[in-house]
Amino acid sequence: MSMEKNILSPFEGLPEDDKRIILARQAELRMNRPKKEVRDLTNAEIAELEDFKEFCELNKIESSKRQASKSKEDFIKWRYENQRE
Numbered sequence: 001m002s003m004e005k006n007i008l009s010p011f012e013g014l015p016e017d018d019k020r021i022i023l024a025r026q027a028e029l030r031m032n033r034p035k036k037e038v039r040d041l042t043n044a045e046i047a048e049l050e051d052f053k054e055f056c057e058l059n060k061i062e063s064s065k066r067q068a069s070k071s072k073e074d075f076i077k078w079r080y081e082n083q084r085e
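Numbering of the sequence shown is given in this note's numbering, commencing with residue 1 and proceeding in unit increments.
Please keep in mind that the hints were generated in silico from the structure rather than gathered at the bench.
Please read these numbers as outputs of a predicted model, since none were measured by experiment.
Just so you know, not all the hints are guaranteed correct.
Unchecked claim - List time: in silico BS3-like cross-link candidates among lysine-lysine, alpha-carbon distance up to 27 Å:
#: 1; residue 1: K53; residue 2: K72
#: 2; residue 1: K72; residue 2: K19
#: 3; residue 1: K53; residue 2: K19
#: 4; residue 1: K77; residue 2: K53
#: 5; residue 1: K77; residue 2: K19
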């Protein structure tokens, strides 16, 4: 089973635009690692994607490039305020 399938399976009900945003964030997480590191997502990164799914559902994010980057800022603030225990 591919990592993409593992990441998206909890997000089956989301609109395609939200899935694209999640996949873009997944790719960004991978790009920020040193090249020597394994490219599988860590549990923390998977938890962040799950939080992002909840954030998307709560805010019904529209998918446009400008909105996506604004959404990322909002997501960072939201996640900080609602950190997992």
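Evaluation of the provided hints:
1. K53 with K72: Since the Cα atoms of K53 and K72 sit roughly 12 Å apart, the hinted pair holds (cutoff 27 Å).
2. K72 with K19: holds, 14 Å
3. K53 with K19: Holds: K53 and K19 sit about 9 Å apart, inside 27 Å.
4. K77 with K53: holds, 15 Å
5. K77 with K19: With Cα atoms ~21 Å apart, K77 and K19 stay inside 27 Å; holds.
The structure meets every hint from the earlier list without exception.
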